[in-house]
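We have chain V already, so just place chain F on it with the hints.
As they're listed, the protein sequences go chains V and F. The opening position of the first sequence corresponds to residue 1 in our numbering, with each subsequent residue numbered one higher. The opening position of the second sequence corresponds to residue 100 in our numbering, with each subsequent residue numbered one higher.
These aren't lab readings, by the way, just hints derived from the structure by calculation. Cβ coordinates follow ideal geometry from the N, Cα and C atoms, glycine included. Be aware that one or more of the hints could be misleading.
Computed Cβ-Cβ distance ranges for the label pairs, DEER-style [said to hold, decoys possible]:
1. F:L118 <-> V:S86: 21 to 27 Å
2. F:R184 <-> V:W23: 27 to 33 Å
3. V:G55 <-> F:T101: 19 to 25 Å
4. F:L179 <-> V:G65: 37 to 43 Å
5. F:A132 <-> V:D54: 23 to 29 Å
6. V:E56 <-> F:R162: 33 to 39 Å
7. V:R16 <-> F:T101: 18 to 24 Å
8. V:A37 <-> F:R115: 38 to 44 Å
9. V:T30 <-> F:P182: 32 to 38 Å
10. V:D64 <-> F:L118: 34 to 40 Å
Away from chain V, derived, C-beta distances all over 12 Å, residues of chain F [claimed, not checked]:
11. G146
12. V169
13. D178
Number of protein chains: 2
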Amino acid sequence: MTTRHRVVITYCTQCRWLLRAQWYQGELLTTFADELAEVALAPATGGVFRIDVDGEPVWNRKRDGGFPEVTELKRRVRDLVAPGRSLGHADRPAGPDGD
Amino acid sequence: MTTRHRVVITYCTQCRWLLRAQWYQGELLTTFADELAEVALAPATGGVFRIDVDGEPVWNRKRDGGFPEVTELKRRVRDLVAPGRSLGHADRPAGPDGD
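In isolation and in its complexed conformation, chain V is listed as follows (with noise of 0.2 Å):
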């Protein structure tokens, strides 16, 4: 039975963070729906925007600055629910023409 993870987003209502936080989470469960037990959506105040993955934060806001870059945030959740896993191109640096 493979251990299957619990992801949270914290986010501040009042800075209307909903529409991210639902992107984040969808990109998540795109790329993780088979490690993932499932995405919670957590309505906050005071300008919180938090990921944690089992409890453990991936992202803070107030700690990281700013908001995560998807691909990098792909990988610090990579690195905990399913390590050594490739993520595809989203792994390679782009070629010389950027793709």
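Leaving out everything else, chain F in the frame of chain V:
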């Protein structure tokens, strides 16, 4: 300390219902931001589409057939997380010219 509630939307990934689940999630988080601790999306398979509030099913595709009309879903959630609270226009029957 008001109790805040947990909603889980379990959706079938084979049927590609992530976006549909996110839509209902966004509606619930917008209407009930103060009452909900979180709304989680849980990927599953086999045609499931189920919405539970604190473990109690308020919608189950296999029992209720198809997908909830969003106002009806909000009424069912309201009755559990904010009994008696008005849902504004959504709670009133449409006027003669349909608004």
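Going down the list of hints, with the structure as the test:
1. Hint check: L118 (chain F) to S86 (chain V), Cβ distance near 26 Å, so the stated range 21 to 27 Å holds.
2. Checking the proposed 27 to 33 Å range against R184 (chain F) and W23 (chain V) shows it holds: the Cβ atoms sit about 29 Å from each other.
3. Checking the proposed 19 to 25 Å range against G55 (chain V) and T101 (chain F) shows it holds: the Cβ atoms sit about 24 Å from each other.
4. Taking the beta carbon of each, L179 (chain F) and G65 (chain V) are about 39 Å apart, inside 37 to 43 Å as hinted.
5. Taking the beta carbon of each, A132 (chain F) and D54 (chain V) are about 25 Å apart, inside 23 to 29 Å as hinted.
6. Separation of E56 (chain V) from R162 (chain F) is about 37 Å and conforms to the stated range, judged on CB atoms against 33 to 39 Å.
7. Roughly 22 Å separates the CB atoms of R16 (chain V) and T101 (chain F), a value that falls within the hinted 18 to 24 Å.
8. Take A37 (chain V) and R115 (chain F): their Cβ atoms lie about 19 Å apart, and the range 38 to 44 Å is violated.
9. Range check, T30 (chain V) to P182 (chain F): about 36 Å between beta-carbon atoms, so the 32 to 38 Å window is met.
10. The hinted range of 34 to 40 Å is not satisfied by D64 (chain V) and L118 (chain F), whose Cβ atoms lie roughly 28 Å apart.
11. No beta-carbon of chain V is positioned within 12 Å of the beta-carbon of G146 (chain F); the least distance is around 16 Å.
12. Every beta carbon of chain V lies more than 12 Å from that of V169 (chain F), the smallest distance being close to 16 Å; the non-interface claim holds.
13. Consistency note on D178 (chain F): stated as away from chain V, and its beta-carbon is indeed over 12 Å from all of that chain's, at 20 Å minimum.
Hint check: violations occur at hints 8, 10; the rest are consistent with the structure.
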